[in-house]
Amino acid sequence: MSSPAERYAAARRRQAESRTELARFAATYDFPFDDFQNDACRALEAGEGVLVAAPTGAGKTVVGEFAVHLALSKGLKAFYTTPIKALSNQKYLDLVARHGADRVGLLTGDTSINPHADVIVMTTEVLRNMLYSGARDLDRLGYVVMDEVHYLADRFRGPVWEEVIIHLAPEVQVVSLSATVSNAEEFGDWLGQVRGRTAVVVSEHRPVPLTQHMLVGRRLLPLYSAPAQSAATDQSAAGEARSSAQPPLNPDLLRAVRDARRAAAGEDHRGGYGRGGGRRAVSGRGGRWSRNAGGGRPPRRGEGGARTAHLRPPSRRTVIGALQRADLLPAIVFVFSRAGCENAVREAISHGVDLTTPQEARRIREIIDRRTAEIPTADLGVLGFHAWAHALTRGVAAHHAGLLPVFKETVEELFAANLVKVVYATETLALGINMPARTVVLESLRKWNGSAHVTLTPGEYTQLTGRAGRRGIDVEGHAVVLATDEAESAFVSSLASRRTYPLVSAFRPTYNMAVNLLGRLPRERAREVLESSFAQFQADRGVVELAAEVRRKRRNQDTLEQQMACHLGDFGEYALLRRRIADAEADQSRTNRAERRREASRSMGALARGDVVLYRTGRRHRHGVVVAQHAASSGEPYLTVVGEDKRVHTLTPESTPDGVNRVGSLPVPEDLDARRPHQRERLAERLIEALRAGALDASTARGSRRGHRHDADAASRLEQLRHQLRAHPCHACPHREEHARIGRRWVRAREDLDRLQSRVDRRTGTIARQFDAVCRVLLELGYLVPVEADRPEGELRVTAAGRMLARVYAERDLLVAECLRQGLWDGLNPAELAGAVSACVYEPRMAVSSLGLPTAPGSRLGEVLRQELSVSRRISNLEALERVEPSAGAEPAVAGSVRDWADGADLTTILADSDLTAGDFVRWCKQLLDVLGQLATLSAGEPPRSADSAGRSDLAHLNRLALTAAEACLDVNRGVVSWSSV
Numbered sequence: 003m004s005s006p007a008e009r010y011a012a013a014r015r016r017q018a019e020s021r022t023e024l025a026r027f028a029a030t031y032d033f034p035f036d037d038f039q040n041d042a043c044r045a046l047e048a049g050e051g052v053l054v055a056a057p058t059g060a061g062k063t064v065v066g067e068f069a070v071h072l073a074l075s076k077g078l079k080a081f082y083t084t085p086i087k088a089l090s091n092q093k094y095l096d097l098v099a100r101h102g103a104d105r106v107g108l109l110t111g112d113t114s115i116n117p118h119a120d121v122i123v124m125t126t127e128v129l130r131n132m133l134y135s136g137a138r139d140l141d142r143l144g145y146v147v148m149d150e151v152h153y154l155a156d157r158f159r160g161p162v163w164e165e166v167i168i169h170l171a172p173e174v175q176v177v178s179l180s181a182t183v184s185n186a187e188e189f190g191d192w193l194g195q196v197r198g199r200t201a202v203v204v205s206e207h208r209p210v211p212l213t214q215h216m217l218v219g220r221r222l223l224p225l226y227s228a229p230a231q232s233a234a235t236d237q238s239a240a241g242e243a244r245s246s247a248q249p250p251l252n253p254d255l256l257r258a259v260r261d262a263r264r265a266a267a268g269e270d271h272r273g274g275y276g277r278g279g280g281r282r283a284v285s286g287r288g289g290r291w292s293r294n295a296g297g298g299r300p301p302r303r304g305e306g307g308a309r310t311a312h313l314r315p316p317s318r319r320t321v322i323g324a325l326q327r328a329d330l331l332p333a334i335v336f337v338f339s340r341a342g343c344e345n346a347v348r349e350a351i352s353h354g355v356d357l358t359t360p361q362e363a364r365r366i367r368e369i370i371d372r373r374t375a376e377i378p379t380a381d382l383g384v385l386g387f388h389a390w391a392h393a394l395t396r397g398v399a400a401h402h403a404g405l406l407p408v409f410k411e412t413v414e415e416l417f418a419a420n421l422v423k424v425v426y427a428t429e430t431l432a433l434g435i436n437m438p439a440r441t442v443v444l445e446s447l448r449k450w451n452g453s454a455h456v457t458l459t460p461g462e463y464t465q466l467t468g469r470a471g472r473r474g475i476d477v478e479g480h481a482v483v484l485a486t487d488e489a490e491s492a493f494v495s496s497l498a499s500r501r502t503y504p505l506v507s508a509f510r511p512t513y514n515m516a517v518n519l520l521g522r523l524p525r526e527r528a529r530e531v532l533e534s535s536f537a538q539f540q541a542d543r544g545v546v547e548l549a550a551e552v553r554r555k556r557r558n559q560d561t562l563e564q565q566m567a568c569h570l571g572d573f574g575e576y577a578l579l580r581r582r583i584a585d586a587e588a589d590q591s592r593t594n595r596a597e598r599r600r601e602a603s604r605s606m607g608a609l610a611r612g613d614v615v616l617y618r619t620g621r622r623h624r625h626g627v628v629v630a631q632h633a634a635s636s637g638e639p640y641l642t643v644v645g646e647d648k649r650v651h652t653l654t655p656e657s658t659p660d661g662v663n664r665v666g667s668l669p670v671p672e673d674l675d676a677r678r679p680h681q682r683e684r685l686a687e688r689l690i691e692a693l694r695a696g697a698l699d700a701s702t703a704r705g706s707r708r709g710h711r712h713d714a715d716a717a718s719r720l721e722q723l724r725h726q727l728r729a730h731p732c733h734a735c736p737h738r739e740e741h742a743r744i745g746r747r748w749v750r751a752r753e754d755l756d757r758l759q760s761r762v763d764r765r766t767g768t769i770a771r772q773f774d775a776v777c778r779v780l781l782e783l784g785y786l787v788p789v790e791a792d793r794p795e796g797e798l799r800v801t802a803a804g805r806m807l808a809r810v811y812a813e814r815d816l817l818v819a820e821c822l823r824q825g826l827w828d829g830l831n832p833a834e835l836a837g838a839v840s841a842c843v844y845e846p847r848m849a850v851s852s853l854g855l856p857t858a859p860g861s862r863l864g865e866v867l868r869q870e871l872s873v874s875r876r877i878s879n880l881e882a883l884e885r886v887e888p889s890a891g892a893e894p895a896v897a898g899s900v901r902d903w904a905d906g907a908d909l910t911t912i913l914a915d916s917d918l919t920a921g922d923f924v925r926w927c928k929q930l931l932d933v934l935g936q937l938a939t940l941s942a943g944e945p946p947r948s949a950d951s952a953g954r955s956d957l958a959h960l961n962r963l964a965l966t967a968a969e970a971c972l973d974v975n976r977g978v979v980s981w982s983s984v
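In terms of the working numbering, the sequence shown opens at residue 3 and continues consecutively.
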């Protein structure tokens with residue numbers, strides 16, 4: 003029992019807390035805040051910055067909304083930044099509902115609503131642009147909320163987050179909201195260095211516990227055995243989460259997987275194998291498991307010698323049925339492919355899936371009619387509206403980036419209202435969009451990352467399954483993985499139980515960043531700013547560990563140096579001479595081997611079918627008859643020969659480094675098949691007869707190793723080193739060989755130390771070196787000039803063209819600036835300008851090299867696109883020369899479609915003439931509008947002036963281009979592109 007004094011103190015604390023802004027803010031919610039929310043909000047009210055790392059769905063945004071509350075209560079502004087427009091739109095609507103439309107604004111690349119409000123929701127890029135341009139809306143800014151701040155690890159867009167954090171005014175409090183990462187403390191330390199006092203609040207407690215399952219055929223089974231289930235899915239402390247061992251797997255699940263494999267093997271076996279090795283037909287989609295198609299081999303043997311077969315995932319109808327029986331709907335099914343999402347919906351509907359009641363179907367149709375009222379009837383067919391709406395009324399939908407925004411928003415509203423029960427989605431849905439479900443299903447644990455199919459990381463698995471479990475609705479959430487060969491239960495467990503997914507910076511200097519920094523700061527100060535990035539912070543932390551290793555190795559080297567000390571001279575110098583000689587001899591040996599291999603390759607390439615060759619294997623020389631000559635994928639020739647031993651041999655430059663010598667020839671029938679023993683034996687007997695008869699040169703002299711010309715310079719250098727070794731005083735030491743043994747260890751230690759020191763040097767100043775390389779590209783192109791003409795490594799000045807580049811905010815900023823500077827877009831009409839600029843915006847989802855220019859030969863737009871490609875090639879060459887990470891080049895694939903759309907073509911024509919979906923077309927047009935909008939305002943600033951004839955961008959020219967860009971914006975922003983997405 004507490005003392006009266008303690009009770010009095012507690013009462014005073016409660017009284018004081020009741021008068022805080024946090025208490026007033028909390029009173030507006032109908033649920034009590036969690037401990038991590040209270041801790042973060044108290045730190046924020048105390049004037050600290052805050053980093054909150056917590057699982058998806060834990061309620062991190064409460065802290066961000068408290069920052070907005072504090073700003074309004076103090077008469078300050080608050081910016082709420084997000085990584086994607088969909089999340090910005092959603093947060094805007096949330097804040098409007100709380101604070102009113104007059105106090106909240108929205109700024110994304112293509113949308114501007116109430117842009118001077120006290121609370122503005124925006125994409126992070128918009129805030130970065132405001133910081134560089136010195137926008138007046140930054141006045142009175144008190145708080146910035148950076149939602150999904152772990153996005154700074156994104157390779158393409160991540161650097162923007164760090165730019166904002168570094169460049170915000172010191173008095174601005176930053177609230178960083180992140181998914182759970184294993185190095186939150188490290189990120190918090192960096193924030194503390196850059197922003198000042200920053201509280202790090204980490205919570206790994208899920209408000210709705212998560213249960214892991216696997217679906218084996220029609221059976222839904224827990225991943226873990228019952229006693230370990232809660233420990234695996236609801237760990238409340240970071241330390242416990244990191245130290246806990248992987249829970250035991252459910253033995254029933256392991257048994258079910260094993261039985262399913264055996265059942266599939268038996269099914270294949272009963273299907274039978276034809277005489278030619280092909281498998282007879284078995285039941286198709288209805289069978290749950292089958293062998294891979296085209297197999298002629300019997301099923302493989304598993305544990306205990308039992309037949310097993312490949313696991314095939316259950317059909318989508320089976321999955322939905324299992325979820326329905328277990329009362330696990332609504333569910334999000336992640337497919338990782340847009341086409342896969344659409345196919346999944348079609349498959350479910352074609353198999354008769356119907357998850358809604360008549361009343362629900364009627365409500366769905368009402369919402370569809372309200373949401374799509376603006377769509378012209380003529381466009382419904384090309385948009386696939388009828389099939390989409392029919393699937394929605396059956397409770398099934400797709401959600402991916404290629405979907406029309408209004409369709410996507412309709413799906414989100416219906417799913418949130420529990421009218422749509424199953425959504426097939428790509429992973430973009432996992433990023434912040436408020437669409438929680440009772441269950442998340444993963445059809446596969448592999449995804450396409452833009453260049454290869456890769457396995458999900460533990461962090462990605464946690465982000466995806468974090469959507470499972472609706473707070474205040476579900477007692478627990480459920481994650482279901484379909485059992486397949488790629489999704490073994492042990493592997494799923496390793497993804498579900500690991501808590502090691504660090505946040506790694508993707509920061510790198512960009513062209514726009516460089517000119518903006520150098521326009522405001524001296525070069526050395528700009529380098530210092532960049533070196534304050536999280537990327538350099540992480541590199542420097544690694545340097546600390548490497549430096550400790552350097553010190554340890556240096557002490558070891560000093561000890562060895564003492565042990566090999568020689569009274570006659572410097573034995574370290576002598577040991578290095580011996581090492582240099584050994585290296586020179588090894589180089590000479592490698593050179594000789596490479597030369598012999600080249601000669602072997604040349605000799606094999608000159609042979610033909612029927613030639614008799616002499617070659618050496620080991621210490622023996624053999625003869626063979628060439629029956630075929632081939633070329634490897636590397637281009638190297640190799641031979642198939644029949645030898646004296648009546649066997650077939652494959653000779654390659656690798657297997658016969660001494661080469662082969664032609665000693666004659668024998669006629670070989672065209673129809674000879676060396677795989678047939680009797681034909682092979684007959685040819686070998688003829689070879690032996692010819693050798694015995696002396697018809698061939700059987701001597702081994704021609705097959706012995708041929709002499710090679712040694713490099714005279716290399717031989718001379720080697721002889722000089724040997725002379726220096728013999729002349730060295732330590733060569734006469736009676737303990738020379740004993741010292742030499744230690745000397746070899748000392749040389750190896752010295753080389754290890756040099757390599758380690760090189761790693762330290764490479765990591766130190768990494769970002770600054772990248773910045774210098776970017777500056778060299780800009781110097782070459784004329785966007786920067788040295789203040790002192792003979793010192794390009796010294797202070798730099800931003801040219802007029804550079805000031806133009808500083809106002810271009812796009813992924814391909816330098817390409818856009820070069821097109822402006824060279825006047826490539828002069829004289830284009832609005833539609834042509836839209837098409838030309840689209841080549842600086844559009845990026846195909848996969849590399850397409852076969853597309854030609856999508857315009858008529860000889861057209862003005864076609865000529866401009868060719869020039870853009872030439873400009874992008876020059877930029878690429880410069881980047882390669884200076885070792886700058888390559889930027890994307892011009893991509894004209896949709897230029898023709900964009901021009902036609904701006905010229906008034908209907909949507910049916912546009913989609914018929916391109917491979918884009920309606921959603922993709924709208925998305926790229928929105929990004930195009932962002933760049934066109936920037937071009938329309940460029941004339942308000944200083945135009946670039948160039949001394950060469952190509953730089954004709956005077957003020958009058960820029961004004962004309964700005965007017966054309968403004969007209970192009972109006973022409974593009976119509977119809978399906980203009981439909982509101984808020």
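Note that these hints are calculated values from the structure, not bench results. All residues carry an ideal CB built from backbone N, CA and C; glycine is no exception. Incorrect hints may appear among the rest.
FRET-style restraints, in silico, Cβ to Cβ [what the hints assert, rightly or not]:
#1 S4 / D32: 54 to 64 Å
#2 T459 / D589: 35 to 45 Å
#3 Q722 / R622: 32 to 42 Å
#4 A695 / P671: 13 to 23 Å
#5 D560 / E173: 19 to 29 Å
#6 D156 / G136: 56 to 66 Å
#7 F493 / E187: 26 to 36 Å
Hints violated by the structure (listed by number, smallest first): 1, 5 and 6
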